[in-house]
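Asker: Chains A and B supply the protein sequences, listed in that same order.
Everything in the first sequence is counted per the working numbering, starting at 6 for the first residue and increasing by one.
Everything in the second sequence is counted per the working numbering, starting at 6 for the first residue and increasing by one.
One should not assume that every hint holds.
Put simply, identical chains are the same to the list, so a pair is met inside one copy or across any two.
[To be verified] Derived EDC-like pairs (lysine to aspartate or glutamate); straight-line CA-CA distance at most 16 Å:
(1) Lys267 to Asp315
(2) Lys42 to Glu56
(3) Lys297 to Glu240
(4) Lys114 to Glu395
(5) Lys267 to Asp146
(6) Lys263 to Glu369
Hints listed in this document are in silico derivations from the structure and should not be mistaken for laboratory results.
Source: prediction; values computed, not measured.
Protein chains: 2
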Amino acid sequence: MQNPSELNKNMLEGDLQDQVLKDYHSDLGITQTHGVKLAGIRTQSGYDLKELEVCYQTLGVLSPRKDNAILICHALSGNAHVAGLDPQNRRPGWWDFHVGPGKSIDTDKFFVICSNILGGCNGSTGPTSINPITGRPYATDFPPVTIRDMVAAQVRLVDFLGIPKLFAAVGGSMGGMQALVWALDYPDRLHACIPIATCMAHSPMQIAFNEVGRQAIMTDPNWRGGHYDDHHRPEHGLAVARMVGHVTYLSEYSMHQKFGRKLQRPPRPEDLFPDFFSVESYLKYQGESFVKRFDPNSYLYITKALDRFDLLEGRHGRDAVRHVQARFLIISFESDWLYPPSQSRELVKTLKRSNVAVTYLNLETPYGHDSFLIRNPDFSRAVSHFLNSEYRSLGA
Amino acid sequence: MQNPSELNKNMLEGDLQDQVLKDYHSDLGITQTHGVKLAGIRTQSGYDLKELEVCYQTLGVLSPRKDNAILICHALSGNAHVAGLDPQNRRPGWWDFHVGPGKSIDTDKFFVICSNILGGCNGSTGPTSINPITGRPYATDFPPVTIRDMVAAQVRLVDFLGIPKLFAAVGGSMGGMQALVWALDYPDRLHACIPIATCMAHSPMQIAFNEVGRQAIMTDPNWRGGHYDDHHRPEHGLAVARMVGHVTYLSEYSMHQKFGRKLQRPPRPEDLFPDFFSVESYLKYQGESFVKRFDPNSYLYITKALDRFDLLEGRHGRDAVRHVQARFLIISFESDWLYPPSQSRELVKTLKRSNVAVTYLNLETPYGHDSFLIRNPDFSRAVSHFLNSEYRSLGA
Numbered sequence: 006m007q008n009p010s011e012l013n014k015n016m017l018e019g020d021l022q023d024q025v026l027k028d029y030h031s032d033l034g035i036t037q038t039h040g041v042k043l044a045g046i047r048t049q050s051g052y053d054l055k056e057l058e059v060c061y062q063t064l065g066v067l068s069p070r071k072d073n074a075i076l077i078c079h080a081l082s083g084n085a086h087v088a089g090l091d092p093q094n095r096r097p098g099w100w101d102f103h104v105g106p107g108k109s110i111d112t113d114k115f116f117v118i119c120s121n122i123l124g125g126c127n128g129s130t131g132p133t134s135i136n137p138i139t140g141r142p143y144a145t146d147f148p149p150v151t152i153r154d155m156v157a158a159q160v161r162l163v164d165f166l167g168i169p170k171l172f173a174a175v176g177g178s179m180g181g182m183q184a185l186v187w188a189l190d191y192p193d194r195l196h197a198c199i200p201i202a203t204c205m206a207h208s209p210m211q212i213a214f215n216e217v218g219r220q221a222i223m224t225d226p227n228w229r230g231g232h233y234d235d236h237h238r239p240e241h242g243l244a245v246a247r248m249v250g251h252v253t254y255l256s257e258y259s260m261h262q263k264f265g266r267k268l269q270r271p272p273r274p275e276d277l278f279p280d281f282f283s284v285e286s287y288l289k290y291q292g293e294s295f296v297k298r299f300d301p302n303s304y305l306y307i308t309k310a311l312d313r314f315d316l317l318e319g320r321h322g323r324d325a326v327r328h329v330q331a332r333f334l335i336i337s338f339e340s341d342w343l344y345p346p347s348q349s350r351e352l353v354k355t356l357k358r359s360n361v362a363v364t365y366l367n368l369e370t371p372y373g374h375d376s377f378l379i380r381n382p383d384f385s386r387a388v389s390h391f392l393n394s395e396y397r398s399l400g401a
Numbered sequence: 006m007q008n009p010s011e012l013n014k015n016m017l018e019g020d021l022q023d024q025v026l027k028d029y030h031s032d033l034g035i036t037q038t039h040g041v042k043l044a045g046i047r048t049q050s051g052y053d054l055k056e057l058e059v060c061y062q063t064l065g066v067l068s069p070r071k072d073n074a075i076l077i078c079h080a081l082s083g084n085a086h087v088a089g090l091d092p093q094n095r096r097p098g099w100w101d102f103h104v105g106p107g108k109s110i111d112t113d114k115f116f117v118i119c120s121n122i123l124g125g126c127n128g129s130t131g132p133t134s135i136n137p138i139t140g141r142p143y144a145t146d147f148p149p150v151t152i153r154d155m156v157a158a159q160v161r162l163v164d165f166l167g168i169p170k171l172f173a174a175v176g177g178s179m180g181g182m183q184a185l186v187w188a189l190d191y192p193d194r195l196h197a198c199i200p201i202a203t204c205m206a207h208s209p210m211q212i213a214f215n216e217v218g219r220q221a222i223m224t225d226p227n228w229r230g231g232h233y234d235d236h237h238r239p240e241h242g243l244a245v246a247r248m249v250g251h252v253t254y255l256s257e258y259s260m261h262q263k264f265g266r267k268l269q270r271p272p273r274p275e276d277l278f279p280d281f282f283s284v285e286s287y288l289k290y291q292g293e294s295f296v297k298r299f300d301p302n303s304y305l306y307i308t309k310a311l312d313r314f315d316l317l318e319g320r321h322g323r324d325a326v327r328h329v330q331a332r333f334l335i336i337s338f339e340s341d342w343l344y345p346p347s348q349s350r351e352l353v354k355t356l357k358r359s360n361v362a363v364t365y366l367n368l369e370t371p372y373g374h375d376s377f378l379i380r381n382p383d384f385s386r387a388v389s390h391f392l393n394s395e396y397r398s399l400g401a
């Protein structure tokens with residue numbers, strides 16, 4: 006029987022999800038997600054979403070003092086199923102190696118919440134939801150959403166769960182942006198914050214890679230301004246978008262380790278080009294499997310939210326950070342060229358200038374941006390140590 | 006009146022070509038390209054191309070001793086028009102700042118040749134050429150070509166021009182690969198070699214970015230296995246491929262300088278997303294203008310040639326390099342993350358181990374892979390100094 010630690014060694018994002026892991030064992034066993042209807046929000050763009058549906062998972066038990074809740078925020082292609090096994094396909098959650106009894110985010114001690122983001126396509130309100138006005142899916146009539154709108158939806162969920170103040174918000178990449186918004190915009194509702202491999206605002210290069218993906222989707226003839234039907238989705242465009250993304254999540258090292266210049270198979274007569282590299286086959290597979298589980302419009306909305314995100318929103322760092330009460334553990338990865346350590350250091354500086362308590366860790370893992378999704382003892386130890394010592398400091 | 010040096014300052018690939026440069030002055034004035042029919046070659050894949058058409062440009066005068074010829078090899082999106090003004094649109098050649106009277110590749114002294122590559126779509130035999138068997142364009146019936154096939158076509162041209170031995174072969178990126186093949190495969194026909202921002206074989210990451218571009222083209226419904234007609238070309242796919250490429254040619258720095266997070270224009274009511282960053286508009290424009298001047302199949306063939314290229318072809322470095330007579334100037338750019346300096350250093354090591362004379366220069370220019378297309382005094386000085394001192398050493 007394989008255990009998560011072995012499986013995650015040298016694995017990259019997507020691998021875990023896309024394999025049939027029959028013998029995979031999770032200490033959490035089967036874990037469920039739930040859907041709940043909550044009061045709507047007004048988006049930053051001024052649109053009134055009358056009602057919110059939020060899909061979420063909770064693990065562990067909320068303490069009587071309600072002081073042990075950790076919100077885990079997922080990244081672009083993630084969902085609410087953070088750990089344990091999916092009841093249908095028995096696939097483990099995207100952070101199963103990290104979250105569970107005795108793990109670095111210890112469900113014996115903490116009450117873990119993970120919800121699908123607003124604008125997503127895995128159970129929460131988004132472009133695939135039914136527009137109450139038309140009775141048909143919103144598609145591109147869905148209002149533009151921002152990272153702050155996503156957090157507003159999370160606030161509704163946390164209210165619904167009866168939690169006045171989160172112990173921690175944790176997330177990598179886009180999840181890190183959400184954790185940062187909790188710290189800045191809801192200062193009295195967060196004790197600790199762990200933003201991982203993230204930034205305060207996308208650089209033009211980060212925007213550019215997302216824009217390539219969006220153009221791939223929007224120029225797919227099946228996109229039709231976003232009003233495609235289920236049988237004619239812009240799958241080619243979405244697959245190409247996913248491939249671009251995938252390349253940027255990896256590192257030179259991980260690609261060398263994983264593929265090198267290996268050829269996938271001997272040439273076939275029908276091949277236009279006789280050489281077919283393993284890395285080509287891998288990317289193609291990643292693209293094709295992604296389209297089965299993701300909505301193209303959702304991809305547009307989410308990447309746009311990423312690109313528009315600006316933690317400071319024009320304010321001076323000192324003003325924006327003034328009310329922050331949370332204590333921070335900030336983590337970056339040396340080989341992450343998409344969200345490079347320099348962006349995390351800028352965040353550290355901005356917080357430290359206002360005397361926010363920050364521990365910063367730049368890890369040498371060689372797996373690029375995907376490092377936060379790959380098991381790494383240093384990473385786990387740092388998160389576990391920070392959470393436990395912060396929780397002790399609460400007097401809990 | 007603007008001169009090339011001012012124009013090229015802070016300019017990136019494509020900018021020059023895509024602007025109407027009415028007042029642009031080139032010391033070379035109008036320069037012509039010529040087409041010539043040459044005896045065919047057998048490609049590495051074993052296909053007999055009965056006849057070759059090669060489009061080329063020459064500048065300067067061949068010396069009576071025929072010892073002053075410099076072959077300039079272009080990169081993926083380049084062509085034979087290396088310097089001077091195009092007779093039709095008066096646009097300058099892609100290396101005009103570098104090539105001309107008194108410039109670093111001095112046409113008062115050297116006889117410069119530049120030809121469009123085999124497999125290209127700018128006048129030389131390629132997928133858009135007429136297949137003599139069918140009377141229609143080859144499209145994807147064109148045989149796969151390799152960098153070595155491209156060089157074989159150049160050898161035919163150099164023979165036709167009556168030049169027994171090139172003084173130098175110079176090229177950046179894919180052009181550098183061609184220069185390297187001249188040095189290794191035609192050792193007695195080359196005196197000096199200047200490979201710039203290139204490598205001995207693509208890494209999986211370089212292959213991956215090209216594969217994303219290929220997938221974008223091949224999944225465009227207009228591609229139809231390559232047999233599209235002029236009115237229904239896979240333009241969306243090609244535009245996306247160009248966009249991916251473009252992002253990889255730039256650096257964080259050049260993107261910050263050029264775009265930052267600037268917005269292109271105020272939002273319009275029809276905008277799906279209100280923020281429209283300058284970098285998005287730039288990429289879209291680059292993609293759209295590229296499709297007007299480039300053939301999608303050609304893009305597939307050339308990128309595949311790049312990915313398949315392996316200078317050593319399985320041989321030990323010492324064996325492959327044993328017969329090299331050329332002396333080398335190898336140049337890389339610190340900010341080039343697509344063809345990183347480490348690849349050039351590997352090349353330097355391979356050559357030096359066999360006692361080939363190599364001068365290596367890693368320049369600090371911040372413009373990424375595009376650096377070789379951007380005016381830079383250190384770059385020009387190094388090339389000029391190397392060429393002049395090597396030419397003196399010939400006793401010329």
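Asker: Now tell me, hint by hint, if it's right for this structure.
Answerer: Verification of the supplied hints:
1. Taking the shortest alpha-carbon separations for lysine 267 and aspartate 315, only the inter-copy value of 13 Å comes in at or below 16 Å, while the best intra-copy value is 41 Å.
2. With identical chains, the CA atoms of lysine 42 and glutamate 56 are at most 16 Å apart within one copy only, with a shortest distance of 7 Å there and 71 Å across copies.
3. In this assembly of identical chains, the alpha carbons of lysine 297 and glutamate 240 lie at most 16 Å apart only when taken from the same copy (9 Å versus 26 Å across copies).
4. Proximity of lysine 114 to glutamate 395 under the C-alpha cut-off of 16 Å is restricted to the intra-copy arrangement: shortest distance 13 Å within a copy versus 73 Å between copies.
5. Taking identical chains as interchangeable, the C-alpha atoms of lysine 267 and aspartate 146 are never at most 16 Å apart, the minima being 45 Å within one chain and 26 Å between chains.
6. For the identical chains of this complex, lysine 263 and glutamate 369 are neighbours neither inside a copy (18 Å) nor across copies (31 Å), given an alpha-carbon limit of 16 Å.
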